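Peer 1: Whole structure, please, built from the sequences with the hints as guidance.
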Amino acid sequence: MDDASLLWFNSKAMNKMEKALHELNEMDDLAAMDSPIHHLSPLAKLLTTIAYIIITVSFHKYDLSGLMIMVLWPILLFSMTGIPVRTCFYKLRIVLPLVMAVGLFNPFFDRAPMLMLGNVPVSGGVISMVTLMLKGVFCLMASFLLIATTSIDALCAALRKLHVPGTLVTLLLLTYRYVGVMTEELAIMTDAYHLRAPGQKGIHISAWGSFLGQLLLRSMDRAQELYNSMLLRGYHDHFHYVEMKPFRMKDALYTLGWIAVFLLVRYVDVAQWMGSHVMR
Amino acid sequence: MMIEKKMIQLDKVSFSYEPGRPILQDLSLHIHKGESVGLIGANGAGKSTILKLMLGLLTAQSGTVRVDGLDMNKENIATIRRKLGFVLQNSDNQLFMPTVEEDMMFAPLNYGMDREEAEKKVDRVLEQLNLTDLKYRHNHRISGGEKRMAAIATILMMEPEAILMDEPSAALDPCNRRIVIDTIRGMDQTRLITSHDLDMILETCERVILLDKGQIVADGRTEEILKDRELLEAHRMELPFCFAGPRYR
Chain C
1 MDDASLLWFN SKAMNKMEKA LHELNEMDDL AAMDSPIHHL SPLAKLLTTI
51 AYIIITVSFH KYDLSGLMIM VLWPILLFSM TGIPVRTCFY KLRIVLPLVM
101 AVGLFNPFFD RAPMLMLGNV PVSGGVISMV TLMLKGVFCL MASFLLIATT
151 SIDALCAALR KLHVPGTLVT LLLLTYRYVG VMTEELAIMT DAYHLRAPGQ
201 KGIHISAWGS FLGQLLLRSM DRAQELYNSM LLRGYHDHFH YVEMKPFRMK
251 DALYTLGWIA VFLLVRYVDV AQWMGSHVMR
Chain A
281 MMIEKKMIQL DKVSFSYEPG RPILQDLSLH IHKGESVGLI GANGAGKSTI
331 LKLMLGLLTA QSGTVRVDGL DMNKENIATI RRKLGFVLQN SDNQLFMPTV
381 EEDMMFAPLN YGMDREEAEK KVDRVLEQLN LTDLKYRHNH RISGGEKRMA
431 AIATILMMEP EAILMDEPSA ALDPCNRRIV IDTIRGMDQT RLITSHDLDM
481 ILETCERVIL LDKGQIVADG RTEEILKDRE LLEAHRMELP FCFAGPRYR
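Line by line, the protein sequences give chains C and A. Position 159 of the first sequence, counting from 1, maps to 159 under the working numbering, and the rest follow consecutively. Position 227 of the second sequence, counting from 1, maps to 507 under the working numbering, and the rest follow consecutively.
Facing chain C, from chain A, some residues (calculated, C-beta under 7 Å): (1) Leu337; (2) Arg361; (3) Phe366; (4) Gln374; (5) Phe376; (6) Pro378; (7) Glu382; (8) Phe386; (9) Leu389; (10) Asn390; (11) Arg395; (12) His418; (13) His420.
Derived by calculation from the structure, the hints in this document are not laboratory data. Treat the numbers as computed from the prediction; the structure is a model and nothing was measured. Built from N, CA and C at the ideal position, the CB exists for glycine as well.
Peer 2: And the structure:
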């Protein structure tokens, strides 16, 4: 069987939950890739992403031209890391429609024409809707790039460096771990169900109660075992995160450089400036 | 005369998960330092419960549990747990860090060792177990046999005085089972192994304790007990394959 057939066979053979688990593990694999961005300190990546998100969100609702320039950063990162853009959109396929739905009603409330596209007037509502959608998509892309280039443990270590309370960070880390545990249990239970309910689509409503109850009990048992295993190896409310790459000069340059660029794009109308220079 | 030091002592221990249905009743057992003991018995005999009592994961309703002379109580529990390494039946529950290396460093870092020293120790233990290629591998990307060996490695990092193992050969192919057996045989710590794999027990333990319904029904030299067909069958067990021979004819 060649690679493509094997991939097809695997995707058909795996149930939805196994696919979800597979995707979760794939994020770890992406984070373990080798690129200049992967080699940066997690703190630098975290700070730059936070700055990017804040500045992107702060654009005025009609400032579409300024906002469009913000796409350059994620695109540059995609090309530098070698992570395909389609992987990002594939993994965000569930959240993206929700983000796209934001501002869907703006065209109905804000009908005043803002500009003309040829002979077609474009209302302020349409522009603000597109701006809102793009803001959402850009922020998701930035968050995805952060997670895809930094392991969850390194990210947690960076959060601790920023003095985010230890309890919150440990909660984040353990939630990430337990999502995997719960998904695994769900995959096993779904398989067992479908093997005894051939041809049935999904889980029948009559089984939902016991299914969820069993899932919870099984996940709790496994979570307890995991926690016991931690206790038996000396864990006492303080998690030792993976060693974070030190924050070096190149990290400072990366962070400060990009924040300066973001601020420039935010406060200087780069599109108009470039346009006026070209016209001259 | 040489005095044998007791590593683990259970004296008249009783335990039940629900009232009126005792799992263990007035059970006493002693394991001496350096001994390798197999704890066998049918499902529900109380093997895993005994291990959890020894580790302080469960508390006995009556009787005393003592590890290396220390009573099991709130003050001693951290010291006791440091003396005991526990290899879980399901290695997936034992490995929770992203890579084998990070998982191996979890215990030493918790016990105050600095990272550099812990890294050196990881290399030593991996070399000792012939697992150097696993060091940077992701836990979710390694095979079942490798996971079991990685789980054992995480425990050896603690340098425990005694190692407790719950079904160490379960769900392993013959080759990986052999690797685990050889690893157990190479250990010099006190070992307590629960298993239904009696052939493995025969190879790794010098003493066997047979449990049934929370009671010790036999305690003695491994070969003597595992050759006793009548005794084993009376307690829902079978002779090990090497003594019984093939049954498929």
